[in-house]
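Participant: Sequence:
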Amino acid sequence: MLAMASAETKRKQRRNGRRLIFIVGGVLLVIGACAGGAFFLAPKPPAAGTLPEGWQTVEVTSGTIASTVSATGNIEPAAEAVLRFSQSGTISAILVKPGDTVAKDAPLARVDSVSLQLSLEQAQADLRQAQAEYEDLLAGASEADLAEARARLAQARSQYQQTVSSVSSADIAAARADLASAQARLDRLMAGPASDELAAANEQVQRAQTTLDQGRVDLAAAKERARIDLETRANALRNAQDEYSRIYWENRELERQPRELAQERKDMETQAMRNVKDAEAALQSAQVAYDQAVRDEVNTTQANEASLQSAISKRDTLLAGAKAEELADARAAVQRAQAQVDQLTGANRSSSLAASQSSVTIAQAGLEKLTADPNQASLTSRETAVLRAEIAIKQAQRNLDLATLSAPFAATVASVDMNIGETADATSTIAIVDLASFHIDVPIDELDIAEIAIGQRVRITLDALPGSEIGGSVSAVAPQATRSDQGTTTYAVTVDLDADSKGVRPGMTAVVAIVTSEKSDALLVPRRAVRSENGQSYVLVFDPAGQPKAVVSGGTASFEPASVRREVTLGLSNSEVVEILSGLNVGEKILVQDVVSTFNPMGQGQ
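Using the numbering used here, the first residue of the sequence shown is number 904, and each one after it goes up by one.
Careful, some of the hints might be misleading.
Stated by the list, open to error - With beta-carbon atoms standing in for the labels, derived distance ranges: (1) Glu1036 x Pro1409: 54 to 60 Å; (2) Ala950 x Ser1387: 55 to 61 Å; (3) Pro1429 x Val1455: 23 to 29 Å; (4) Gly1458 x Ser965: 39 to 45 Å; (5) Gln959 x Gly1406: 32 to 38 Å; (6) Thr1135 x Gln1300: 55 to 61 Å; (7) Gln1025 x Gly1406: 53 to 59 Å.
Claimed, not checked - Cross-link-like lysine-lysine pairs, in silico, DSSO-like; alpha carbons within 27 Å at most: (8) Lys1492 x Lys1452; (9) Lys1297 x Lys1007; (10) Lys1405 x Lys1007; (11) Lys1405 x Lys1000.
Calculated directly from the structure, the hints in this document are not laboratory data.
Since the model is a prediction, treat every value here as computed from it, not as a measurement.
Cβ atoms here follow ideal geometry from the backbone N, Cα and C, with glycine treated the same way.
Produce the entire structure from the sequences given, and follow the hints as far as they go.
Facilitator: The following block contains the structure:
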């Protein structure tokens, strides 16, 4: 029984074995069918605790992580300029060549400046002349000029005295007596025809003579009063000028003191100047009145003389009966006597006196002008002339300076586009660049600009210098956004390169990574290790004791390592790693799938 049982058991076991094989085969057959008939190409299952092809483990580490914002730009020098002549002319000298290093204000090129130099010298000569005239005005008249003016005044006064003293009262009385005698003789000759008409004619002659004589006296008196008023006005003008001069120089002396000149003193100076002008106007009016009195004396006397001659002519007509020779002789005597009286008391003498007095007045005014202090108007005019001459020199000097093209800053000459002998124009240029320092202007997206701040450190890589990294820092952030044609909004950020940057040249393409935040002793894992599902981040922690599981994706069968899903909280991140705030510990191994992992028929991953 035992044997049979044993045999039966063995048969059952063989049947069960065949059944198991069949079932497994069926399962494998199903899997093969699911694989699109490629069952015979399925990979061999890996052993427990091993990693299928295309997977690797990464250990959770502790280190420093920096969050960055990246952008691309070009290296630019600290300063660059394309220089042109602002002064036209023929290029006479080029003092640099490309590659030369020049200091600030160093001359680079020149245009011909002969005419500009002459203009400067002319302006300097004009200034010297203006200064000399100003100093002459301040210094006043020379002793020789004063002596000459005093001599002219003395001569005029002497001439006036001679004119006044050349005729005495006795001379005038004698002349009038001679006239009366001649007239009496003539009257006697004419008395023959005594009649009322003749008497009336004689009376008319007498009245005309009286009018002539009285007119001469009255007109001479009026002219004398006008002369005295003219002299009084001239004295008043001198007094006003003296008072203004005194106040003016007292004020100039007070202005040298630290206190401001009192308003009362300023008003005194203003009033004194007003008094001078009023006195000048009064003198001018007095001169006009005097000239009119002289003219009135001459004109009225001539009219009275004409009236007298008319009366005499009428009377002579009545006396026609007298002897012609006697009458002629008597008349001639009267005329001679009258001429003598006229010479001593008439218009000729008045004119001589007036001319002599005018000469005295003119000479006196000339002397006072030389001895008076310069008025403010003259000083201001001379000071303005000096100032204009100084401005002309500055302008001429500037034009001469512009004939030299100079470097506005220390730099290296990049190019020289001009030739000696050419006429300088807009195309005649020298380009310079400052290679002492560099910067990069990069556009930062509006989503990242809030993280950017001045002073943040920057990591810079250059296409022209592979494998090297250059340091820098943010120096400026534009407050105004720039919108591209595609609608992208960015902000310009300036990055200054560190001073020790080597091999850098303007125009190089650069990638900048602005470090917006940095943290040390952080738990770090590769970015590729972090997965997300329904907004929750997680990683796969490797299970060395587990059995890899088969998966089919896109008609391809593969195996995943045994793992445990672990939800994690993320912190800082960059393009390579991410910070784990919770969910992992240092040293734990997590799974990372290769970036490219395919399966080929030979069972090898790629």
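Participant: Could you run down the list of hints and mark each one as holding or not?
Facilitator: Each hint tested on the structure:
1. For the hinted restraint 54 to 60 Å between Glu1036 and Pro1409, the CB-CB distance of approximately 58 Å keeps it satisfied.
2. Between Ala950 and Ser1387 the C-beta distance comes to about 57 Å, which sits within the given range of 55 to 61 Å.
3. For the hinted restraint 23 to 29 Å between Pro1429 and Val1455, the CB-CB distance of approximately 27 Å keeps it satisfied.
4. Against the hinted window of 39 to 45 Å, the Cβ-Cβ separation of Gly1458 and Ser965 comes to about 42 Å, which satisfies the hint.
5. Taken as a hint, the range 32 to 38 Å holds for the pair Gln959 and Gly1406, whose Cβ atoms sit roughly 37 Å apart.
6. Checked against the hint of 55 to 61 Å, the C-beta distance between Thr1135 and Gln1300 comes to roughly 56 Å, which is consistent with it.
7. About 55 Å separates the C-beta atoms of Gln1025 and Gly1406, a value consistent with the hinted range of 53 to 59 Å.
8. For the hint pairing Lys1492 with Lys1452, the CA-to-CA distance comes to about 19 Å; that is within 27 Å, so the pair holds.
9. At roughly 22 Å between alpha-carbon atoms, Lys1297 and Lys1007 fall within 27 Å of each other, so this suggested pair holds.
10. Annotation: proposed proximity of Lys1405 to Lys1007 holds, straight-line Cα distance about 24 Å (limit 27 Å).
11. For the hint linking Lys1405 to Lys1000, the alpha-carbon distance of about 24 Å falls within 27 Å, and the restraint holds.
The structure agrees with every numbered hint stated previously.
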